[in-house]
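*Asks:* Protein chains in written order, with the working numbering: chain A, 1 to 774; chain B, 775 to 1120.
The hints are simulated quantities; they were obtained by calculation from the structure and are not laboratory data. Each hint should be verified, as a subset may be incorrect.
[Claimed, not checked] Ranges between beta-carbon positions, derived for each pair:
| # | chain 1 | residue 1 | chain 2 | residue 2 | range |
| --- | --- | --- | --- | --- | --- |
| 1 | A | T70 | B | T1046 | 58 to 66 Å |
| 2 | B | E804 | A | N137 | 34 to 42 Å |
| 3 | B | T923 | A | H193 | 28 to 36 Å |
| 4 | B | Q903 | A | H193 | 32 to 40 Å |
| 5 | A | T70 | B | Q903 | 44 to 52 Å |
| 6 | A | L188 | B | R982 | 26 to 34 Å |
| 7 | B | T923 | A | L188 | 22 to 30 Å |
[Unchecked claim] Stretch-level coverage of chain B by chain A, calculated; a stretch enters the list once three of its residues show a Cβ under 8 Å from a Cβ in chain A:
| # | stretch |
| --- | --- |
| 8 | 894 to 906 |
| 9 | 927 to 933 |
We put the beta carbon where it would ideally sit given N, CA and C, even for glycine.
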Amino acid sequence: MIAAILLAFWSHWRRNRLQLATLITGIALATALWTGVQAINAEARASMTSAASASRIVGLPRLEPVEGETLTWKDFVALRRAGVLVSPIIRGDYRLQSGEHLRLTGIDPLSAPSDLWPGGDFMGSAGAADSVFVPANTAPESDLVADPSVPNGQAVADIQIAQRLLGRTDLDALLLLSPQPLGAPDPLGVTPHLAYVLPAETAVPAALTDSFRLNLSAFGALCFIVGLFIVRGTVGLAIAQRRQSIRTLRTLGAPAGLLRALMLAEIAIIATLSGLLGVLLGYGLASWLMPGVSVTLDGIYGASVGTHIALRPVWWLGGLAMAVLGTLLSAAGPMLAASDRAVLNEKPRSFGYWWPAAGLALFAAAAGLVIWGHGLLAAFAAIAALLLGGAATMPATIRALLRAARPLATGPLGEWMLAETETQIPRMSLAMTALMMALAANIGVSTMVGSFRESFAEFIDQRLAAEIYVATPGGAGDIRAELSPDERLLPLRSLKSVVAGQPAEINGVINDPTYREWSLLEAVDDPWSTLSGDGAIISEQLSYRAALSIGDVIALPDGPATVSGIIADYGNPLGKVYVSHQRLDRIAPGLPTPRHAIRTSDPASLRARMIAAGIPAERIAMQADMKATSMRIFERTFAVTAALNGLTLAVAGFAVLTSLLAAADARLPRLTPLWAMGIERRQLARLELLRVALTAAATALLALPLGILLSWLLLAIVNVEAFGWRLPFRADPAHWLLLIGVGIAASVLSALWPAHRLARISSRALSEVLSRDG
Amino acid sequence: MTDRRAFMIAMLAAPAASAQGFAGLGSDAEGFAMPDPKRPILFPRDHAPHPGYRVEWWYLTAPLIFDDGTPLGIQWTLFRFALDPPNLLQDSSARHVWMGHAAVTTTETHRVAERFARGGTGQAGATGQPFSAWIDDWRMSGQTPDAITLSAAGTDFRYELGLTATGPLIRHGRDGYSVKSGLGQASYYYSQPFYNASGTVDLGDGPRAVSGHGWLDREWSSQPLAKDQQGWDWFSLALDDGRKLMAFRLRGQEDFRSGTLIGVDGRTRTLTNDEIAVTPEQTHRGVPVEWRLRIPAADLDLLVSALNRDAWMETRVSYWEGPVTVSGSETGRGYLEMTGYRWQPE
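With the sequences and hints as input, model every part of the structure.
*Replies:* Dropping the structure here:
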């Protein structure tokens, strides 16, 4: 019996190879997107774990010099001999022979806390005392020791070796160990020129990258759900076509329970095989996307991750499990129903009033989360509630839209079209939900990226306003001699200090129109002129971390200063304070000016003049090049998002196709009366296309406000939580229209083939339908 | 540089480094100064550090009592390790790593702290005149070894002691040349076993007065252990009759025993391998914590028992060290140090 049933099942797939292919493709695509994203996530997480260990140093309370003071071994020894347990660190840029730059951290293994570098025992390897420890994937060089506990982009060495390599004799900070000895004195009583620095929570890259990974996960989940719509559509089709054979099997005495079990086993096997295929595809996808992700994490968060994907059970087993469970979940319902009600005819699903009601409740939940929720999870929960609410209210909304369009319809055929489209909503709703989610996600994410890009470009334009930047280690005398009267020299110099308990850079700026072009997030009237008094302009990060706003007074080394403006400073881990050039002179007399910016109307000629005057070309940077580089990094950063966006849309298109294929046979009884009334098959096919286009357009219309709301959530909630930066919302209607067009086009494209089949269907087939139904 | 690397590995790699007794003490000594029997210890010259030798230590142990009579002990240790042999072209002080261990042991608790420092910064060091040795805020200092103050602190203890000598300095072996193996490994070794000690110990509930006696060991060498020697058992005992006894056993293919019996007046008798019989009586977690120590020539048959069996030093180089009580043919108190054992799980 079992063999006979299985044979009957198998014969179905043999006759409907395309259907089997659709099912396998659906499951494989869903699994691929999910596992791909999870693989990237697992990789990023693994890299981040070691990056986080490096950042333990960043996260430890420490003593840093204030007021332009320096920190030396003497301070370290004074504190240790007074009974305060501190450990020195130094950090700097270290260039390998290969040209690769690493962030070198010098630690004192003799005094460092034992868990400073989890998993890293840098004294345990041969040659430890003289070696520089580098990430495992660094090209071998002498004196470099590859160590898996060193995160990408970093290097670790004994502090004296690091000092030698960095050409320094001072130290960056003294980490305060915990716990301190019994009766240890207050360190500031021993070294009054140092200050406590308690690192800001937001500086921990783990927290930041979590949000990015959560973002990826959300994308992955979305893709998976869209994929499951395909599975459900295909299985529904298969069931409809198998109804006859199941009826026959039941009549022949096959028990419903056995049929049920065998159908489940069948779909589980298909799901496993397709899932395996999906995992393979996912691995390929991840390998393709990983370099982009790596750039993203590095670019935005300063956290370096590798570009290779390792086969980790956490994602490939997880992906397979998701494939099987997801398929069973989406297919089990219709299958079980079919085996039970095999002798009855399936009734179309009806959409009661509770769907829109549930949707409204979800919208309310999203609003509540936005108003009262805190943190990234609440933000993502709000996004989920918004999208699900959109899905739940979609059929009712589309129906309302179509009814509103009825007066526009001309002629009986037009009216029939609208009415028919409306009646078909339940059959299309799964595919349209997939399309709507994909479109909304695309609109939301692209708006966020677009807003970010525009803000970033504006920021770059303002910050890189000067036409030429030149390194001036020996002063700017030789450059000044080359300048014509209309060219202006802007000194660029800063002092590392501690402001409001945060590590910060104090920048001294001269009075120049260049700075007045910088747009400030918040400011008093004419903020730059306050710098000649006691005014200071601070960066957004500093204001966020130290909770400073306009009018607050901060302590600078030479006295108090009043915050007169807050300025965006994307991607800088340090806080920034702008004071006048003269004031910086007072704070740090004799502070060198390592770089200068030059305003000129003819940068090319000035560059030529400077080179002719003997200034090395590598010291001169042209504004255009710097801007291009910055933007290139930015674009690469968001290439991943674009790729994922495209993939979701493609999957949604596929979902539309499968649902149309599933409905194709059911469509015939609806269309044959029209054919009988004399409407040609070709026109019927056109009408079908039109119907799909109408449904897709209605869906897209609905996706637009959802997508805009989504982008607002991303910009105003998620971004602030993740980055600490606000981004202005910038509408891009042209791009939205384009996306909507792409969505409709994808649907119509998917409908082409079913329509083509309809146009070529034989008259006999239509007659049969007519006679059967009639 | 090879030596320096080898040393760093031995010292900092893992507690397993204790397999060779203590921190690579059996390593090659090429390029370092070697103890010479023809060159006896001279005071005050040899109170100063000896940077030409690979390893050197300042070691003070004191069996004490709180003012209510409860026994305890404190340990204060500073090691100097040279990273590479002396070199005329280099600043000699920078080539050293210093390691400090401090502990307070009562019957109830054993509290340990450990410090490391690189040479050349002033974080740790030693001088002969005045007599001082320090790492961080831990300090042993006085004009001469006759009267010193001693302090150390960990996260859960702090002590400050004054120690006054009531007898002479003792040079072990032949005028301070102390042989450590049958192959001739040796060190310079002198002690001040006649300290009266008093001060305070704070275990986190405020300083409490303590008193007792103290024992200072100064030792330096470049290769004090033979290759086959796995570790040692070392006793410093103050007998209630006023005599002091230092005895050690180096465990190798053949045990090597040596010691010094010190009279009340400070006169010494060097004890040779055959004159000392030492047998573990009881072990605790793989470490002998009760010993029978017999010196038949001096009519001594002693049972030496740990005050706190759990006095394992969970330091980077780990070993057992704690106060002991002496019973048998004589009574007394002292300190026991045992290296090269594995502290087994209970």
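*Asks:* Going back to the hint list, which numbers does this structure go against?
*Replies:* 5
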